[in-house]
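Protein chains: 2
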Amino acid sequence: LDSGHLIPVRNLLEELHSADIAHLLESTPPRVRNVIWQLLDKEREGDVLQHLNDEIRQNFIENMQPQELANALSDLDTDDVVDILGDLSNNVSNQVLRLLDEQNRALIEHALTYPEDTAGGLMNIDTIMIRPRVSVEVVLRYLRIRGSMPPNTDHLYVVNSRDVLIGSVPISSILTCDPDTSITQIVDEEMFTIPADMKDTEVAQIFERHDLVSAPVLDEEGRLLGRITIDDVVDVIREEADHSLMSMAGLDELADTFGPVMVTARKRAIWLGINLLTVILAALVIGIFESTIAKVTLLAVLLPIVPSMGGIAGTQTLTLVIRGMSLGHISDGNQSYLLKKELAVSVINGILWAITIASLVYAFSYYKESGVNHLHLAITIGGAMLINLVTGVLSGASIPLILKKLNIDPAIAGGVVLTTVTDVAGFFALLGLATYFFA
Amino acid sequence: LDSGHLIPVRNLLEELHSADIAHLLESTPPRVRNVIWQLLDKEREGDVLQHLNDEIRQNFIENMQPQELANALSDLDTDDVVDILGDLSNNVSNQVLRLLDEQNRALIEHALTYPEDTAGGLMNIDTIMIRPRVSVEVVLRYLRIRGSMPPNTDHLYVVNSRDVLIGSVPISSILTCDPDTSITQIVDEEMFTIPADMKDTEVAQIFERHDLVSAPVLDEEGRLLGRITIDDVVDVIREEADHSLMSMAGLDELADTFGPVMVTARKRAIWLGINLLTVILAALVIGIFESTIAKVTLLAVLLPIVPSMGGIAGTQTLTLVIRGMSLGHISDGNQSYLLKKELAVSVINGILWAITIASLVYAFSYYKESGVNHLHLAITIGGAMLINLVTGVLSGASIPLILKKLNIDPAIAGGVVLTTVTDVAGFFALLGLATYFFA
Numbered sequence: 006l007d008s009g010h011l012i013p014v015r016n017l018l019e020e021l022h023s024a025d026i027a028h029l030l031e032s033t034p035p036r037v038r039n040v041i042w043q044l045l046d047k048e049r050e051g052d053v054l055q056h057l058n059d060e061i062r063q064n065f066i067e068n069m070q071p072q073e074l075a076n077a078l079s080d081l082d083t084d085d086v087v088d089i090l091g092d093l094s095n096n097v098s099n100q101v102l103r104l105l106d107e108q109n110r111a112l113i114e115h116a117l118t119y120p121e122d123t124a125g126g127l128m129n130i131d132t133i134m135i136r137p138r139v140s141v142e143v144v145l146r147y148l149r150i151r152g153s154m155p156p157n158t159d160h161l162y163v164v165n166s167r168d169v170l171i172g173s174v175p176i177s178s179i180l181t182c183d184p185d186t187s188i189t190q191i192v193d194e195e196m197f198t199i200p201a202d203m204k205d206t207e208v209a210q211i212f213e214r215h216d217l218v219s220a221p222v223l224d225e226e227g228r229l230l231g232r233i234t235i236d237d238v239v240d241v242i243r244e245e246a247d248h249s250l251m252s253m254a255g256l257d258e259l260a261d262t263f264g265p266v267m268v269t270a271r272k273r274a275i276w277l278g279i280n281l282l283t284v285i286l287a288a289l290v291i292g293i294f295e296s297t298i299a300k301v302t303l304l305a306v307l308l309p310i311v312p313s314m315g316g317i318a319g320t321q322t323l324t325l326v327i328r329g330m331s332l333g334h335i336s337d338g339n340q341s342y343l344l345k346k347e348l349a350v351s352v353i354n355g356i357l358w359a360i361t362i363a364s365l366v367y368a369f370s371y372y373k374e375s376g377v378n379h380l381h382l383a384i385t386i387g388g389a390m391l392i393n394l395v396t397g398v399l400s401g402a403s404i405p406l407i408l409k410k411l412n413i414d415p416a417i418a419g420g421v422v423l424t425t426v427t428d429v430a431g432f433f434a435l436l437g438l439a440t441y442f443f444a
Numbered sequence: 006l007d008s009g010h011l012i013p014v015r016n017l018l019e020e021l022h023s024a025d026i027a028h029l030l031e032s033t034p035p036r037v038r039n040v041i042w043q044l045l046d047k048e049r050e051g052d053v054l055q056h057l058n059d060e061i062r063q064n065f066i067e068n069m070q071p072q073e074l075a076n077a078l079s080d081l082d083t084d085d086v087v088d089i090l091g092d093l094s095n096n097v098s099n100q101v102l103r104l105l106d107e108q109n110r111a112l113i114e115h116a117l118t119y120p121e122d123t124a125g126g127l128m129n130i131d132t133i134m135i136r137p138r139v140s141v142e143v144v145l146r147y148l149r150i151r152g153s154m155p156p157n158t159d160h161l162y163v164v165n166s167r168d169v170l171i172g173s174v175p176i177s178s179i180l181t182c183d184p185d186t187s188i189t190q191i192v193d194e195e196m197f198t199i200p201a202d203m204k205d206t207e208v209a210q211i212f213e214r215h216d217l218v219s220a221p222v223l224d225e226e227g228r229l230l231g232r233i234t235i236d237d238v239v240d241v242i243r244e245e246a247d248h249s250l251m252s253m254a255g256l257d258e259l260a261d262t263f264g265p266v267m268v269t270a271r272k273r274a275i276w277l278g279i280n281l282l283t284v285i286l287a288a289l290v291i292g293i294f295e296s297t298i299a300k301v302t303l304l305a306v307l308l309p310i311v312p313s314m315g316g317i318a319g320t321q322t323l324t325l326v327i328r329g330m331s332l333g334h335i336s337d338g339n340q341s342y343l344l345k346k347e348l349a350v351s352v353i354n355g356i357l358w359a360i361t362i363a364s365l366v367y368a369f370s371y372y373k374e375s376g377v378n379h380l381h382l383a384i385t386i387g388g389a390m391l392i393n394l395v396t397g398v399l400s401g402a403s404i405p406l407i408l409k410k411l412n413i414d415p416a417i418a419g420g421v422v423l424t425t426v427t428d429v430a431g432f433f434a435l436l437g438l439a440t441y442f443f444a
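So the sequence lines, in the order shown, correspond to chains A and B. For the first sequence, position 403 matches number 408 in the numbering used here, and the numbering has no gaps at all. For the second sequence, position 319 matches number 324 in the numbering used here, and the numbering has no gaps at all.
Don't read these hints as lab results, they were simulated from the structure. Predicted model only: the values in this text are computed from it and were never measured. Just to be clear, a hint being listed does not mean it is correct.
Stated by the list, open to error - Per the computed footprint, the stretches of chain B lying under chain A, defined by three or more beta-carbons under 8 Å from a beta-carbon of chain A, are:
#, segment
1, 29-42
2, 148-158
3, 310-318
4, 348-355
Built from N, CA and C at the ideal position, the CB exists for glycine as well.
Construct the entire structure; sequences and hints are all you get.
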């Protein structure tokens, strides 16, 4: 592959599914990636693009001419075209739109009016609509004339003359019913419907909870606009779950594992810079107590223990709360129970580990004959441990709730705020108590 | 709700979907949870159980009589029954099995032989099988006699007389084809098939990549055993994504947000205990250099900075690699590129932040007239920063790869091993350099 024999690679590519080619591109370093992209059949570019991670796709699209991109997009579903065009600058996106054929253009321009993270941005317009007063036989004849059905069609939608959705008919009913049955007899009027302005994460929760394959999207008047299918919802679920994981480490959920060094280094530097500021803040707290440490240097040895434990306990709670919020488990009604429960948990663990570390430090300082009052030292670290575990857990539970109220993403900011709190509180508690006893 | 008026609650429950009741149970504290469960119609218990989180379900099941549980399970799909029985002790599970009716029991006993985390454990046995040499008309007549189809049926499976899978026919083809068409003309022989022993996470990747709604599961001889549907795959995707997030904080991915205090406290205590051991190790490293700190107490103030930055940089890489592994992006072929890229990124950021912190410390120590050689102090912290950022990033990239080779889950153990490495290396680098210059 590296040796320059490109023809076997091209043949291999021809045999792969587009989704597998996208996966291959995501798994290779940028240099190899570009070679594979060059070797790819022009007609398959659109199909591969729709399966690619946003960040990598952006790179390829930036190097394509509008005409080439328009050709690549012409065979895709509208929702995928909208997804791709939504990432482009208005200028480029308009150029490409002008090159698409008339009918598609109108549909896509309409779909582009919905924000990308709403049901409208997620929906496809390939619904099959039928009228209520026909028989199954008529529908079957219509479908045979139509000749094919859009992927993941599990329901036909029954609409009135103003396109208002009346109900849906599972295609399994069309198959299993007597041909003379009227659609009105088998229509399900209690299906799940999605308003066009619903957030995509809410849509995902509805699909996940009710095991849906597709659901109709309606405008405010109840008119059928399109439908959302499970394949797009799976992407939302994956992205949202990735978002919590990656954001907590200060990474973008779409980060390219094999991205170019300079781009990666710049993105990471920002996060490291923020962390440097918070840890300098913690260092300044230690600075306040420098004279105490000068008297009892053993304190310097004990310094990392308390903030570390508070950070760990707080991160556990923070992660649990962030997950609970993304699953929709946490509401105004149960927050106070959650805080009380976490407080109880932290007090229990605080007492347990305060006694443990106090005993260990007592024994250690006794054995080392360190010259300080062993009991006071034990009380200092034990007390600081209890204070900081409780602080950490309460912060872990309340920080995401507060950030959410302020419209700041808890997954991104929560960890930084939390460790700042546990570092500062931990050093203050330890060195403050030490100053009380020894200074 | 809290006031004891239970009849309106019972009426409300009757109107809710089972999946919504499960969600409600997951979002309430244990006491309220039990009241709701008592109010629930017995006939709906099974349906609600299948939608519940494992940990909460376990609690309810433990309080049910085998007969009650058997009744609750009798209306569920085999894969859901298998899922629930798999969590019980063998003894209870056998009791329940004996109470199920004959035919179901044989199927479920067979399905229980597959591990829960494989395709066999995920599959359902409700496939519709047809023969190749019949016409669409015959299939339609058969389906009408059958009267209904299993949920999420998007393909019929074509098998020969030994149940070996020949191919699949989309039900959309049955609908759109001329009734005289023979099945052999429209059968798709190149569908995705799943071996029964494939890992569930691999199954999820195939579904996700190829936008499948269902796929047939085959035994080693190619015989059709059952099928896997997207609703079960979505659960696997959600659980796997949750697993990475929760494990990195030492939590179980199925942890109950509102679980009882003592259970929660005990589980968290284990993780805190492990962390205490690692941070004591780090403290012992500081202990080695206590005499250096006694000479230059400003070092105590600077102590948290270097390990913290190394930990953050390492965690970023660790998270990226763990995500890349769970998406299947990282293989033996691209590991060395990944390591080289991460090394380059860490050297760039290491130099940047080494210069930054060295300048800050130089200015600070100059301003404070701390009495130590400003330049030496700056070189000490800058050098330690560079060493520890590179150590952190290289550890973050290599630890998960090594743990995976040892068959240890990187998401669980990775973070602990990483912070131990960055703490120990950070303190060694800082205090080692300081001892060289000042002791």
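Comparing the hints with the structure gives:
1. Closer than 8 Å: that is the beta-carbon criterion, and the segment 29-42 of chain B has 4 residues meeting it against chain A, so the requirement of 3 holds.
2. With 9 residues having a beta carbon nearer than 8 Å to a beta carbon of chain A, the segment 148-158 of chain B meets the requirement of three or more and the stated coverage holds.
3. For a cut-off of 8 Å, the count of residues in the segment 310-318 of chain B with a CB near a CB of chain A stands at 6, and the three-residue condition holds.
4. For the segment 348-355 of chain B, the assignment as covered by chain A holds, since 4 residues bring a beta-carbon within under 8 Å of that chain's beta-carbons and 3 suffice.
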